[in-house]
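**Student:** So the sequences go chain by chain: A and D.
Here the working numbering runs 68 ahead of the position in the first sequence, where the first position is 1.
Here the working numbering runs 231 ahead of the position in the second sequence, where the first position is 1.
Read the hints as simulated data drawn from the structure, not as lab findings.
C-beta: ideal position from N, C-alpha, C; glycine also.
Careful, some of the hints might be misleading.
Stated by the list, open to error - Reference excerpt, derived from the structure (chain D facing chain A, CB under 10 Å, subset only):
{"no.": "1", "residue": "286"}
{"no.": "2", "residue": "289"}
{"no.": "3", "residue": "330"}
{"no.": "4", "residue": "331"}
{"no.": "5", "residue": "335"}
{"no.": "6", "residue": "404"}
{"no.": "7", "residue": "406"}
{"no.": "8", "residue": "408"}
{"no.": "9", "residue": "418"}
{"no.": "10", "residue": "419"}
{"no.": "11", "residue": "426"}
In case you want the letters, here they are:
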Amino acid sequence: MHRTPRFRNFILAAGLLALAACADYTNEKALNDPDANSDPYEGFNRAMFGVNKALDTVLVKPVTDVYRFIVPETGRKMVDNFVSNLETPVVLVNSVLQGDQENTFATFWRFALNSSVGIGGLFDVASEGGLHNRSADFGQTMAVWGVGSGPYTYVPIFGPGTIRDSFGRIVDIAFNPLVWVHPTWYSYAQAGVTIVDRRSVYYNLIDDTYKSSLDPYATFRSGYLQKRTSDITKVKRRLHKQYHGEQTTSTEQTPSSAHIQE
Amino acid sequence: MKKFLPVSLLLTLCLTLLTPSLAKADYSVDQVRQYVDGVASQTLSVISGGGTKETKKQALEKIFAAQVDIPWVGRFVLGRFWRDATPAQRSNYLKEYKSFLLANYATRFAQYSSGTYKITSATDDGDAQYTVSMTMAGADQSQPVQVDYKIHVMEDGKLRLFDVVVEGVSMITTQRSEFASVLGQKGLDYLIQQLANKSLPLPDEKKS
Numbered sequence: 069m070h071r072t073p074r075f076r077n078f079i080l081a082a083g084l085l086a087l088a089a090c091a092d093y094t095n096e097k098a099l100n101d102p103d104a105n106s107d108p109y110e111g112f113n114r115a116m117f118g119v120n121k122a123l124d125t126v127l128v129k130p131v132t133d134v135y136r137f138i139v140p141e142t143g144r145k146m147v148d149n150f151v152s153n154l155e156t157p158v159v160l161v162n163s164v165l166q167g168d169q170e171n172t173f174a175t176f177w178r179f180a181l182n183s184s185v186g187i188g189g190l191f192d193v194a195s196e197g198g199l200h201n202r203s204a205d206f207g208q209t210m211a212v213w214g215v216g217s218g219p220y221t222y223v224p225i226f227g228p229g230t231i232r233d234s235f236g237r238i239v240d241i242a243f244n245p246l247v248w249v250h251p252t253w254y255s256y257a258q259a260g261v262t263i264v265d266r267r268s269v270y271y272n273l274i275d276d277t278y279k280s281s282l283d284p285y286a287t288f289r290s291g292y293l294q295k296r297t298s299d300i301t302k303v304k305r306r307l308h309k310q311y312h313g314e315q316t317t318s319t320e321q322t323p324s325s326a327h328i329q330e
Numbered sequence: 232m233k234k235f236l237p238v239s240l241l242l243t244l245c246l247t248l249l250t251p252s253l254a255k256a257d258y259s260v261d262q263v264r265q266y267v268d269g270v271a272s273q274t275l276s277v278i279s280g281g282g283t284k285e286t287k288k289q290a291l292e293k294i295f296a297a298q299v300d301i302p303w304v305g306r307f308v309l310g311r312f313w314r315d316a317t318p319a320q321r322s323n324y325l326k327e328y329k330s331f332l333l334a335n336y337a338t339r340f341a342q343y344s345s346g347t348y349k350i351t352s353a354t355d356d357g358d359a360q361y362t363v364s365m366t367m368a369g370a371d372q373s374q375p376v377q378v379d380y381k382i383h384v385m386e387d388g389k390l391r392l393f394d395v396v397v398e399g400v401s402m403i404t405t406q407r408s409e410f411a412s413v414l415g416q417k418g419l420d421y422l423i424q425q426l427a428n429k430s431l432p433l434p435d436e437k438k439s
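Same shape as in the complex, but just chain A:
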């Protein structure tokens, strides 16, 4: 490969160091008490959020607009299916690492069916048969293993995350088998298509949020952390069900009338 072992070791060491910092840190406090300031890198994050907004305005959104103008909805759905199918191996590896039998089984058959009957992933035949899209990433896997989230981070292009989840994204790139068999330009091409596809899928959500939010940075931060916590809780519940039966652990925090402050 074109990357030297020394470089790889450096990345690994840097990643482990960053993870050690996550050990005791979770965003639960931030979620349960949104008034609490628990975004230690807020200054940097807001600057990067600005960079991403600028990138979106001058590049990503215009390209997505052209894409949405040229390609009809059915075609865009096919692109989305194709991109999602390319990500399935990463989901599969993480499902295995999490010990999630249900997800592993569903993801394996999704990939097998959609890649063959679904013509290389253009058609999501598995969903029509009831096997819906599953998600799993290395950030989630680490959460299952007991690694705390670390502080919130905002990185250009990748967007919202936490220290743990940002490190997870790097690992997930390495989990993608296509990255290893194809030349470098391939990774960029897949990344580029994925960005435009996702911008298009969440087109209205993103634009509505920018339009209606009084502080889009805070809105995206809260939304991301809630979604992440909810996804990880779901995985943990599913695992609990698979290994310990029906009893579920209730870790989900929801706002209640009692919390209103007079």
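Based on these hints, arrange chain D on the given structure of chain A.
**Tutor:** Okay, now just chain D, sitting in the frame of chain A:
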């Protein structure tokens, strides 16, 4: 007789305090499910019915205003800043918050032309609060989305929605966090002014 006056006063007080909580226990999970089903089908009939985008928006705003406990939500999202607000600020805020919410959230459904929903569960969360979960799908073949509606019993005994949780993201939690950020930096008067600005119809609103 004089002796009994404080006692009877106390009794009356107890009864008046107890009455709302008695009324609160009155709903079964099935009744709450039916209530949400009613609101959802009403919303869906507006979306898939005839009419221009503008008339649809108005109809959606009407449903939203009638079925959401906006004063409660408004107070909740202000968090600890509600306590410090003057009566004038409070009433001003609630007025602007209502227009803001209707202008920005009620109308989001107007861009859809059809959809389906299926109620998957209804639970009693205690404290006169309920959750009704459903999966919703748009007209395109996108993945169904899980949406949880939070309902509570109001002082007058009526059921009203107080939160919508889409794929684990709660509207009121998100908004409270958003407002806290603005309030922490710029204060309540600025927030009220921003709410008013955001309630105005946007001149650059494009037809899609």
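**Student:** None of the hints should be skipped; say for each whether it holds.
**Tutor:** Status of the hints after comparison with the structure:
{"no.": "1", "hint": "286", "result": "violated (20 Å)"}
{"no.": "2", "hint": "289", "result": "violated (18 Å)"}
{"no.": "3", "hint": "330", "result": "violated (12 Å)"}
{"no.": "4", "hint": "331", "result": "holds (8 Å)"}
{"no.": "5", "hint": "335", "result": "holds (4 Å)"}
{"no.": "6", "hint": "404", "result": "holds (6 Å)"}
{"no.": "7", "hint": "406", "result": "holds (8 Å)"}
{"no.": "8", "hint": "408", "result": "holds (4 Å)"}
{"no.": "9", "hint": "418", "result": "violated (13 Å)"}
{"no.": "10", "hint": "419", "result": "violated (12 Å)"}
{"no.": "11", "hint": "426", "result": "holds (7 Å)"}
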